[in-house]
Structures are given as C-alpha cells and as structure tokens.
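Assemble chain B onto chain A, guided by the hints.
For the record, the sequence lines run as chains A and B.
Mapping the first sequence onto the UniProt record's numbering, position 390 (from 1) lands on 390, and the numbers just tick up by one.
Mapping the second sequence onto the UniProt record's numbering, position 395 (from 1) lands on 395, and the numbers just tick up by one.
Keep in mind the hints are simulated off the structure, nothing from the lab.
Yeah, the Cβ is synthetic: ideal placement off N, Cα and C, and Gly gets one too.
Incorrect hints may appear among the rest.
Just a few of them, taken from the derived set where beta-carbon distance is under 8 angstroms, the chain B residues facing chain A [what the hints assert, rightly or not]:
1) 301
2) 312
3) 324
4) 329
5) 330
6) 334
7) 399
8) 401
Under the rule of at most 27 angstroms between Cα atoms (straight-line distance), these lysine-lysine pairs were calculated in the DSS-like manner [as the list claims (entries may be wrong)]:
9) 111(A) - 263(B)
10) 205(B) - 399(B)
11) 65(A) - 230(A)
12) 47(B) - 362(A)
13) 204(B) - 111(A)
14) 139(B) - 217(A)
15) 204(B) - 125(B)
16) 204(B) - 362(A)
17) 111(A) - 178(A)
18) 399(B) - 252(B)
19) 125(B) - 47(B)
20) 205(B) - 357(A)
21) 264(A) - 178(A)
22) 125(B) - 263(B)
23) 106(B) - 252(B)
24) 125(B) - 100(B)
25) 362(A) - 205(B)
26) 362(A) - 390(B)
27) 453(B) - 338(B)
28) 298(B) - 217(A)
29) 71(A) - 230(A)
30) 390(B) - 357(A)
31) 338(B) - 167(B)
32) 217(A) - 297(B)
33) 357(A) - 252(B)
34) 424(B) - 252(B)
35) 44(B) - 362(A)
36) 139(B) - 461(B)
37) 252(B) - 167(B)
38) 120(B) - 106(B)
39) 370(A) - 124(A)
40) 230(A) - 150(A)
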Amino acid sequence: QTISCFPRSFDTSQRNAVLVPAAALGVGGMLVYWFRSGHRIKTLDMGDGWWGSGDRTTFIEIEDKSIHPFKIETSDEEIEDLHRRLDHFRFTPPLERAAFNYGFNSNYLQKVVAYWRNQFDWRKQVEVLNKYPHFHTTIEGIDIHFIHVKPSNVPHGQTVLPLLMVHGWPGSFYEFYKIIPLLTEPARHGLNEGDVVFEVICPSIPGYGFSEAPHRKGFDSIATARIFHKLMSRLGFREFYVQGGDWGSRVTTNMAQMLPQTVKGLHLNLVFLGKQGLGRMIRIMLGAYVPWLVGLSREDARRLYPFMQKNMYDILRESGYLHIQATKPDTAGCGLNDSPVGLAAYILEKFSTWTDKSFLDKDDGGLESKYSLDELLTNVMIYWVTSSIVSSMRYYKENFSKDPDLSAHHRVRVSVPTGIAAFPQELVHTPRVWANDVYRNIISYSYMPSGGHFAAFEEPKLLAQDIMQFVQKVEQL
Amino acid sequence: EFCSSLAGIMLLEVFLVLGTLLIYFLFSKKKEETLPFKDGWWGKGQKPVTKEDTSIRPFKVETTEEELSDLFRRLDQARFTEPLENSCFHYGTNSVYLRKVVSYWKNQFNWKKQVEILNKYPQFKTKIQGIDIHFVHVKPPRLPEGQSAKPLLMVHGWPGSFYEFYKIIPLLTDPASHGLGDEHIFEVICPSIPGYGFSEAPHKKDFNSVSAASVFYELMLRLGFNEFYTQGGDWGWLICTNLAQIAPNHVKGLHLNMVSISKVGLTHLLSVLLGRYFPGLFGFQDEDVRRMFPFLKKGLYRILSESGYAHIQATKPDTVGCGLNDSPVGLAAYILEKFSSWTDMEFQNLEDGGLERKFSLDDLLTNIMIYWVSGCIVSSMRFYKENLQKGIGTQKHEKLTVQVPTGIASFPNEILHIPQAWAKKKYTNLVSFHFMPQGGHFAAFEEPELLAKDILQFVGKVEKEQLWKKK
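Chain A extracted, bound-state conformation:
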C-alpha cells in the first residue's frame, strides 16, 4: 500500500479532536506567515556577539585566540557522588502494560541503573573519549570545545578534505565516534569510495558538553554558526564541508547561508522546514491521491501518509519536551541536573522513540537492540559531568522564541551544494520537492534503507557512504 487515502488516515473523533486546538492555533499562524513572508534575501547577516559573564571589558581583537589541547578527566569524588545518587534513587512502579507509552518504563530503568552502578566503568569510558584529540579555544567570550581527528597515514597525492560535523540534542560530539574512523580511514573499513578522505572536526555547541555555556540571553543557531565559522577560520580552513542532524542540521544550514563561499558542501540527515503555508497544505492534501502531481515519489508517499497520523498526531505526542524546553528550560532541567537517573530516563527515552517509533510498545524500549548501554550511558555522562542539561535546554527557547517564520534564515535560500540522507525512522520525512524550497542546489537525495534520528550513532556505515558519495559528486563539479 503506497498511498493511504486521506479521509481514512485518521480515526475521526480522536485524531481530529487533537487537531481542533492545534488547528485553531495554526490558522492564525498560517495567515500571519502568508501575509508577512517577505521576499527572499541573499545571505544571512553574520552579526556579532559576546557571551561571557559580566561587562564586556575586552575587545574581541585582543581575545586569546590560542588553541589548547585538553584531556577529559574524572575523579574518585565524581564517581562516588554518582554512585551515591544511583543508590538512593526513588522509583515509581509503572502502570500495568504501559511499556514505553507513558514515557521511560521504570522497571527497565531499574535494570539500566543496576548496570550503571555495577558494570559501567566511567574511567574506561573517559579513556575511550580521550582517544581522539580534544581542544579548547575562546571565541566570543566563551570556551569552545572540539575534537579534531586527522587521518593517521595519508597516501601520497591524496587530498584530505576538512569536514565539520555538528551534533544535536540530546546528543553530543560522542555520537560521531563510530563514524569518524570510516571518514578518516575509509579504506581500512572496507569503504572504497574513491579518493575521498576527511579530517573531521566535531565541536560541542556552546551550552552542551565541554563547551562553556553562554551567560547571556539570545544565543541561537545563528550565533552558533558564526562561532563555528570563526573556529574553522582559526584552524586555517578557507573551505570545508559540513554535516549535521537535529540542531546540527540547522547550525550547518545557517553556516551555508552566512558564508556560502566557505562551505563547499552541506550534508544533512534531517531537514528542518518552516511552518507550512497554504500552498504546502494544499499540496499535502493532493499528495495523498496524486503524489506525482505534486512532485512526491512513491517512497515519499509511503513515509508521509497517513499524514495526520504521522505528521500531526505523532509530532504532538513526541514534542512535549520541545514545548517545555522552549518555554521553561530552567524549570525542566533543574531536577535533571540533580538526579542522574532522572537525566538518563529523559535522554534515553529519545534514543528509544526517535530510533524506531514501534519501540514505544516494548517493555525495554528496544534500546539495547540498536545500542550498547555503555555508549548510551557515556552520552548521558557527558551531560552529567558537565552539568550542561539546563543550558542545553535553553537553546530551544533561544531558537524558538522569535517567530520562526519571520527569522531571517527561513527566507534565505541555500545555494551551496546539498546532500540529504533521508532515514526511514526519522521523526518527520521531508520530501526532496519540499526541501527544494530552501535548498536550491540538492545534488544528492537518498532514501536510506534503515535507521532513525541518531543516524551517525546508529548507522555510521550507511551515513558515511552517503556523505562520501555526495562529496565525490561535489568534487567533480
């Protein structure tokens, strides 16, 4: 069944009624968008900023631009404090037969906590984290953390292409640890995608992990994009590729909109689009019956419909975190910075549902079918030891506070060569024809065979192959 009939696509009373308030709110928004979405602008204004604490006393010119290597460390005290909190965790039994439909199932959570307390070895994981070189450098008043991995032996005559990869929430630079070797040493891992070899730079978004959190309001994806441009410039790169999913997709897109001449190619595993206008709504409705008429492929139709179910109902069910983080981040994050188990439940719920929606009906959320507890907990530990959960959540408020349709980056087209890897279990599917509204130079669009939101973490080989074939195409242009 490639097409689902639109009227059959929702259980009328239930789904429809969820949409009544949502639609009522949406009507006004749509009208506003329709009337006020102005003409397109060429590039995104870079602007400037300063995020340190207190009064700005130093000029950016005399900012310390040096790059300091550093190693992640831990201490007995840190581990004992963690263990103490794990030992005293207060548990609430789940409802009978709830699986993961009410959120993270606390019966399974107890198993995770037992592993965390007794088998997970943080010191060993810190060594794993330190296997790639880490650095710090101050930009716009805050310390930016990044890893920089160069290929160990480069055959004569081979060019090494710089690639900036940006993570999202609730991920981190650690999501890229499995894909990095496939990109820096493809031959060694059975990927002979021609002569393409990368040196990879993975920064932490300010407020995430080992990057210092901004002390002032207003730190959004545009500020992030500007800071990462400054970083690449400081590292001596005049041209480079960028890759991202989740927030990384928005940041790298902003980078391509800001300085298109420096971004050789933009690769995304998630496409963010602005609110849907009237034209889009009509195309969506038509698409259910005559997908070819509105430029949708069969695979697009399969992934998009039933539309209400997959796009509205599922989004409403999954976006509670986004709503509270975009409005009250300090409240939402407070308890999570104090209870490691609470933090793990909150983060790991996403690694379950966003990897495969059917995992909602599993008692263990299907987590260990795709990931190891060690790697899941290492990512959680990065949020825990850096106390960055609250600042990571503030990013939502800073990015969503301004009316999303009026902010500049939705009106700037992306002319940089773009490659899109569309994973089947991604939260929302964006067909090529819609992505084309913003990304005007899509030279590669792939329907990936398997995988969800955390592409680099879950399907590193598939993602690496797609990045490489995309870059090959760009290099040949």
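For chain B alone, coordinates are given in the frame of chain A:
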C-alpha cells in the same frame, strides 16, 4: 393544477422545517442526559473475589528521622545551574532564588511542626474501587439550634493538594467566628485525588476525571450524604463538574473558581476576533474585555508559553516525573514555578517570582513536601495523560451540559478568563457569576476569605430557591 403543486411545495417546506426542528429538539435533548457512573477496579493485579473492605479508618500523617535526614542529604548535595543574566523567571524558576528557598528549607522549615498542623484536621482512609482514598473531614465545632451542617466536597488540583483548603476550612465550618454570617454552616470533606498525596495511585491505565468523580461519589454515599455541595478549581473543576453530570440529583450545587471550555465553535472564533469592538453582541461585559484582550497576548501566547508542562505530562508523565521524584530541589522548582506564574503572570518579571508576596514559604514547602513524602509526582502527572491523550473535545462528558445550580467565582489572575457568555453554554443553570477583585489560580490558598464569601452567597441563593420550590 399550478396552485395545488405550489401548495404541495409549501406543505413540503413546512414538513421540512418541522422535521428539522424535531430533530434539533431531539438532539439537543440528548445533551442533557446524565454521564454514566464509571465503575472500575484500580488495585494491583486481579480484582479479588472477596468483598471489598468498606471501613473508614482514621489516618494521621507521620514522619521519621530517616525521612528527614534523607531529605537534608539531598538538599545538601543539590546541583544548581546559574541563571542567564537578567532572566528573572522568564526561563522558569530562577536558581538564585531557588537557593534561598533551599536554604530556608534546610535551616528553618520545620517538617515535624508542619505535620502537626496537617494533623489538626481529622483525616481518614477508605478503600474504594480497589484503592485507598485519603480525605480530610471537618465538622463544625458548634451548630446553632435547629440547624444542620451542609456537606461540602472540595476537590484540589495539580500541583496542589488537600492542604490548599486548610485556611478556608475554618471560614466554612465556623463562619461566625470569622466575621461571616452563620446562616449556612458546612462540614467539609477534602479528598486527595487518587495518585495525589496520601491517596493510593491507580495501578491500571485509564483513570481519568470521570473515574475520580465516580470514586468521590461513592465516598460521599459511604459517608452517608445523600445531598451535598461541591467546590473545585483546576482538576477539581473538572471532577466536580463530572460529579454533577453523573449524579445531578445528589449534587445540590456546584461552585467553581475555574472554568475551561473544550468545545470551540464559530461563535467563539468570532467573539475572539470581534468581541473587543462589539462586546455587547457577544455577551461580553467590560470586565470580560479587560481580562481577555488583547487576545493574542492574553489568550493564544499565554496558552503556548504556559502549557509546556501539560503537553509533556499528557504524553510522557513517567519520563518527566522520574527526576522530580528523586530530586526534591527539582520538584520544588517545578511546582513553585506554577505558584508564581499562576498567581500573577507579572511575577515572571521579578527575580524572586513574587512567591512570598502571596504565600509563606512554610505553606509552599508543606504542599511540596506532600508530593515528596508520598512519592506521588509521577502518578499525579499521569492524570494529565489519562484525561488529555485522546485530545480535547472528544470525550463524552465534554459534550454534555450541566443542569445542577452552578456558581462561578472568576478571579482576575486566573490563567485564562472564560466569560459568563461562554460558561453559560455548558453550565445551563448558572445561578451566580462574580468577578473577584483580586487573586489567581490557587484561590482557596491565596484568597480564602473572598472565596468563602462567594461560596456562602452562592449556597444562600440555591437554598432560597429550594425553599421557594418547596413552597
């Protein structure tokens, strides 16, 4: 021949009109049907064959040294995150102010003393539909000759508790001692919603407001009350409304300090767009206009900015509640934020959230402690999912009206203002609707005297009408 066909057409038209009227009449009659009582069994595992124990056992709140030292240990090791410069309460609870609250909590707040205060009113537990229901039951200290106490069921909401009523109870059970007329004296019953405070949490899915109303209905019958008044705000509003729909012959009067509507139609949309300019046309009074407009700011944006908690609790309660049951500071931050914004939205512009302007830290922390010592935050949040997961406006009770005499006290700082014109569509027997001069969402907690007076005048009206009917 022409005339007869014309007559035929006219006759057909008359029949059509009559037929439509008949159908409309039939359908509108349907809306007045009662809501069926929702039976259920919420205990663990299978319902046993033996008959349920229906005894009513006295209950006292207790605490232990262990409970206190565990709390202090967690308060001592709390990990805070510095707020952004100049953010006040715009990003949520300000952690600089939160540190002050935690310091008071550790060093001055006396939980043992507060437990004694909680125990000053008689409390009980009884098993209904498989779970233990906790309630406070306060009888008047004295009754004038020939007068009987009127039973009044008061239901709390989230993130409140039975404790919210501790200041208003004496004004209702002993009005004379507080300068209020003693024409009507109440015996007050404040239960805890299952999953809140000292009421056992349901072990099975699907425990919604109709289930709670059915449980409380059974409670009132078990206590021997055949007729009673009900009062509520927040979830209490919905539960008491449902109770009036289930048992209209037992609920003498329904008093609400909050109203919400779930059926939004064309008239609502039009009144929002044009009500500011033609208030009379839509039945709006000047005060309605003052409170509702500009609509984007006071309606739409407010809903969006304040409903994140409801969205996540209605979808992933076990996830969001997990950390809060483990971190008392996180729990306090989450709950206090509501006591700030829902008392006055302007408090978000204050560094301390304006909390101590209307409440004492002792009162605020006592309410939080009820959630903490009972470990009920997760189950309290599940109530949102059980009520909202099928969407707003889909459930049967939302489509039915309420015919029981209703009184509404409309507080100015309530999150959303619902005008009388809209409330009347649902509460068809609206006996009193008053704009209160001050106060917000937690009416009983913040303005007990104003609320008590409104309840008394409402009951007065209902009782007079009853007497008149009897004559």
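Results of checking the hints against the structure:
1. 301: 10 angstroms, violated
2. 312: Holds - the Cβ of residue 312(B) comes within 8 angstroms of chain A, reaching about 3 angstroms at its closest.
3. 324: 5 angstroms, holds
4. 329: 6 angstroms, holds
5. 330: 2 angstroms, holds
6. 334: Holds, about 6 angstroms.
7. 399: 11 angstroms, violated
8. 401: 18 angstroms, violated
9. 111(A) - 263(B): 44 angstroms, violated
10. 205(B) - 399(B): 23 angstroms, holds
11. 65(A) - 230(A): 10 angstroms, holds
12. 47(B) - 362(A): 26 angstroms, holds
13. 204(B) - 111(A): 22 angstroms, holds
14. 139(B) - 217(A): 54 angstroms, violated
15. 204(B) - 125(B): With a Cα-Cα distance of about 20 angstroms, the restraint between residue 204(B) and residue 125(B) holds, given a limit of 27 angstroms.
16. 204(B) - 362(A): 17 angstroms, holds
17. 111(A) - 178(A): 26 angstroms, holds
18. 399(B) - 252(B): Answer holds: residue 399(B) to residue 252(B) is near 22 angstroms, not above 27 angstroms.
19. 125(B) - 47(B): 20 angstroms, holds
20. 205(B) - 357(A): Given pair residue 205(B), residue 357(A) holds - Cα atoms ~21 angstroms apart, limit 27 angstroms.
21. 264(A) - 178(A): 24 angstroms, holds
22. 125(B) - 263(B): Given that 27 angstroms is the threshold and the Cα spacing comes to 37 angstroms, the pair is violated.
23. 106(B) - 252(B): 46 angstroms, violated
24. 125(B) - 100(B): Roughly 36 angstroms between the alpha carbons, so the hint for residue 125(B) and residue 100(B) is violated.
25. 362(A) - 205(B): Status holds; Cα separation ~16 angstroms.
26. 362(A) - 390(B): 21 angstroms, holds
27. 453(B) - 338(B): 25 angstroms, holds
28. 298(B) - 217(A): 24 angstroms, holds
29. 71(A) - 230(A): 23 angstroms, holds
30. 390(B) - 357(A): 19 angstroms, holds
31. 338(B) - 167(B): 20 angstroms, holds
32. 217(A) - 297(B): Roughly 22 angstroms between the alpha carbons, so the hint for residue 217(A) and residue 297(B) holds.
33. 357(A) - 252(B): Judged against 27 angstroms, a Cα distance of about 48 angstroms means the pair is violated.
34. 424(B) - 252(B): 18 angstroms, holds
35. 44(B) - 362(A): Holds, at roughly 21 angstroms.
36. 139(B) - 461(B): 23 angstroms, holds
37. 252(B) - 167(B): Distance ~24 angstroms between residue 252(B) and residue 167(B) Cα, so the pair holds.
38. 120(B) - 106(B): Holds, at about 24 angstroms.
39. 370(A) - 124(A): Given that 27 angstroms is the threshold and the Cα spacing comes to 21 angstroms, the pair holds.
40. 230(A) - 150(A): 20 angstroms, holds
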